[in-house]
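Asker: Sequence:
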Amino acid sequence: MEDLVQKKGVTSPIWQYFGFQADEHGEPLDINAVKCRLCRKSIMTKDGNTSNLRAHLRIHHPNECAKLGLTKGESSSSSQPSIIGAFAKCGKYKRDSAKWRECTTSVTRYLVKGLLPFNTVEKSSFTEMLQTLNPQYELPGRKYFSKTAVPDMYNCVRAEVEGLIKKADFYSLTTDMWSSTNMTPYMSLTAHFISPQWELQSKCLETVFFPESHTATNIAEGLRSVIQDWNLNEEKISCITTDNAANIKSAVRNELGWQWLNCFGHNLHLAVTNSVKKQRPCTDRALGVCQSVIGTFSHSWQKKRALLKAQQELQLPEHSLITDCATRWGSKQKMIERIIEQAPAIGCVLAADRRAQSLTWQDLDVLEAMNKALKPIADFTDILSGEDYVTVSSLLPTLLLLKSDTLSESEGDVKLTKDIKCGILTELESKYDCDSTKRLMCIATFLDPRFRGERIAEDDLRQTKTEIHTEMVKMVQEQGQTGESMRQEDKPPAKKKTLGSYLSKARPPRGSFTEEERATAELTIYEQEPTVDGDDDPLAWWRTNSKRLPIMARLARKYLCVCATSTPSERVFSTAGNVVSPSRSHLKPDKVNMLVFLAKNA
Numbered sequence: 001m002e003d004l005v006q007k008k009g010v011t012s013p014i015w016q017y018f019g020f021q022a023d024e025h026g027e028p029l030d031i032n033a034v035k036c037r038l039c040r041k042s043i044m045t046k047d048g049n050t051s052n053l054r055a056h057l058r059i060h061h062p063n064e065c066a067k068l069g070l071t072k073g074e075s076s077s078s079s080q081p082s083i084i085g086a087f088a089k090c091g092k093y094k095r096d097s098a099k100w101r102e103c104t105t106s107v108t109r110y111l112v113k114g115l116l117p118f119n120t121v122e123k124s125s126f127t128e129m130l131q132t133l134n135p136q137y138e139l140p141g142r143k144y145f146s147k148t149a150v151p152d153m154y155n156c157v158r159a160e161v162e163g164l165i166k167k168a169d170f171y172s173l174t175t176d177m178w179s180s181t182n183m184t185p186y187m188s189l190t191a192h193f194i195s196p197q198w199e200l201q202s203k204c205l206e207t208v209f210f211p212e213s214h215t216a217t218n219i220a221e222g223l224r225s226v227i228q229d230w231n232l233n234e235e236k237i238s239c240i241t242t243d244n245a246a247n248i249k250s251a252v253r254n255e256l257g258w259q260w261l262n263c264f265g266h267n268l269h270l271a272v273t274n275s276v277k278k279q280r281p282c283t284d285r286a287l288g289v290c291q292s293v294i295g296t297f298s299h300s301w302q303k304k305r306a307l308l309k310a311q312q313e314l315q316l317p318e319h320s321l322i323t324d325c326a327t328r329w330g331s332k333q334k335m336i337e338r339i340i341e342q343a344p345a346i347g348c349v350l351a352a353d354r355r356a357q358s359l360t361w362q363d364l365d366v367l368e369a370m371n372k373a374l375k376p377i378a379d380f381t382d383i384l385s386g387e388d389y390v391t392v393s394s395l396l397p398t399l400l401l402l403k404s405d406t407l408s409e410s411e412g413d414v415k416l417t418k419d420i421k422c423g424i425l426t427e428l429e430s431k432y433d434c435d436s437t438k439r440l441m442c443i444a445t446f447l448d449p450r451f452r453g454e455r456i457a458e459d460d461l462r463q464t465k466t467e468i469h470t471e472m473v474k475m476v477q478e479q480g481q482t483g484e485s486m487r488q489e490d491k492p493p494a495k496k497k498t499l500g501s502y503l504s505k506a507r508p509p510r511g512s513f514t515e516e517e518r519a520t521a522e523l524t525i526y527e528q529e530p531t532v533d534g535d536d537d538p539l540a541w542w543r544t545n546s547k548r549l550p551i552m553a554r555l556a557r558k559y560l561c562v563c564a565t566s567t568p569s570e571r572v573f574s575t576a577g578n579v580v581s582p583s584r585s586h587l588k589p590d591k592v593n594m595l596v597f598l599a600k601n602a
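For the record, in the sequence shown the residue sitting at position 29 is 29 according to the UniProt record's numbering, with numbers rising by one throughout.
These aren't lab readings, by the way, just hints derived from the structure by calculation.
Positions of the beta carbon are idealized from the N, C-alpha and C atoms, including for glycine.
Any given hint could be a false lead.
[Unchecked claim] For lysine-lysine, the following DSSO-like pairs were computed, each having C-alpha atoms within a straight-line distance of at most 27 Å:
id	residue 1	residue 2
1	Lys334	Lys304
2	Lys591	Lys203
3	Lys418	Lys277
4	Lys304	Lys277
5	Lys465	Lys418
6	Lys167	Lys474
7	Lys474	Lys438
8	Lys418	Lys403
9	Lys99	Lys67
10	Lys418	Lys431
11	Lys334	Lys415
12	Lys372	Lys465
13	Lys591	Lys143
14	Lys46	Lys67
15	Lys123	Lys166
[What the hints assert, rightly or not] Label-pair distances were calculated between CB atoms; the ranges are:
id	residue 1	residue 2	range
16	Ile525	Gly412	21 to 31 Å
17	Gly91	Tyr144	15 to 25 Å
18	Lys547	Arg439	25 to 35 Å
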């Protein structure tokens, strides 16, 4: 305490706990910056005002405050209390008060959305921040958030999500399997549906603890259990998108009998990986040297520094080298592209190092040929991995584009480039050769006003229109009325009865359309509509035209909610991986499910 200077000429006993930081002459450095002798915190004050000092003692040192016996009549150079002091005088919020619940809900949301551990609320920096922002709020401990606040929020949000999905005419699913850092197995399930406002929405349903063997039967039981637990209608499931694993494919098709779609991202990864593997005699050395070069720079800061200097001298982009990931084919393409870009700088740095492997011109030729085949398709996975816009209707047009343009032979393609392109296309097309998958893609493409029948082969188009017409008729018959069912929230308010409304009842009945005629009429009108721009939102078109084409609009809700990839469920596990971090590896599965659910949906 010797380094704090006592304020001169003061009479208030509160100053025995406070002082100023001294300069080299023993004088106060700043007369407006007071320091507490007990905790060394700085408190801002002005012109000797002690309001903030009294508030600091009340909040942080109540025992010393009681000993001092401060009263309201204590002398002060200012009659206006500080904001903190004013809060302190009001007392703490009661736990049953609306304000306390509001503050606690905000802290809970901060924890779950930020993927933060529960002990965050017991860290001194966090509690001090909240005390400064609102001294009236008394923060509960970690057990309260773990056992009460988070479960209460989970139940509330779950009820909201369940209500949203139940209102939807149809919904699709994506699923994936994953193991945490402590090898605890989980299965995720995400629902996708089109809202009454024609917005595509995704909601994580469960991150299920799955200790059983991953057999088709067990996976099917797990999926059905989640649907039943959520009280969802299984008949409303349009499709489920998964990877190509034989067990989950069998579970969906054979055990559950649901429409199945294999993930485009997974298909493209397999097609690229297998096609490159078939060219191994040509590609092994070049790819091996790439890995060796990247390893050389990764383990030597001197070489990193030399690479930067070479980049500057050669006026190359100051980019770092990229390491490829075995489960992400796109990272291999980015690695190759970066090596080609930085080849001159790499050569300058490694020229004097006899131990390091260097790229030869033959290696660079191989890398150039590979990059020419892979780069044009690098963005397709990301484009079809969205979950807030329609993707399934773009599958068929994408495959046609790859065949006719992106992966077709180009002038100047060397044999390696041609072989890789041909291998990718052949394997990719084989993944979508199933009749039920073709039917799904054709119907979804036809129901997208950007495409309609333009991207469908003539024979397939006739079959597609027949199947759509049949399904429209079936929908009307099952619904018991023609057109899309009117939602409760969309019903207009009842109007006052008029004379005309009563007289209209006496009008003789006109001939009504049959279900087949209504379906035919809507199908004809839809086909005659002009296609919309490729960048337009197909759901916006349906929002505008759903009342004119109510039956087709309901069919669009069924098919356009399907995801082209299972990426949404893979994203769940990215979230789960942050929840079940090494420092939180002992979280129980039910708590993991709650935290992941809230992180994605709250």
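Asker: Each hint: holds or not?
Answerer: Outcome of the hint check:
1. Lys334 - Lys304: Holds, at about 19 Å.
2. Lys591 - Lys203: holds (18 Å)
3. Lys418 - Lys277: holds (14 Å)
4. Lys304 - Lys277: Answer violated: Lys304 to Lys277 is near 31 Å, above 27 Å.
5. Lys465 - Lys418: Roughly 37 Å between the alpha carbons, so the hint for Lys465 and Lys418 is violated.
6. Lys167 - Lys474: Holds, at about 20 Å.
7. Lys474 - Lys438: Distance ~21 Å between Lys474 and Lys438 Cα, so the pair holds.
8. Lys418 - Lys403: holds (13 Å)
9. Lys99 - Lys67: Not OK: Lys99 and Lys67 at ~32 Å, beyond 27 Å, violated.
10. Lys418 - Lys431: holds (20 Å)
11. Lys334 - Lys415: holds (22 Å)
12. Lys372 - Lys465: violated (39 Å)
13. Lys591 - Lys143: OK: Lys591 and Lys143 at ~13 Å, within 27 Å.
14. Lys46 - Lys67: Distance ~25 Å between Lys46 and Lys67 Cα, so the pair holds.
15. Lys123 - Lys166: Measuring from Cα to Cα gives roughly 41 Å; hence the hint is violated.
16. Ile525 - Gly412: 21 to 31 Å: violated (48 Å)
17. Gly91 - Tyr144: 15 to 25 Å: holds (20 Å)
18. Lys547 - Arg439: 25 to 35 Å: Distance hint for Lys547, Arg439 holds at roughly 28 Å.
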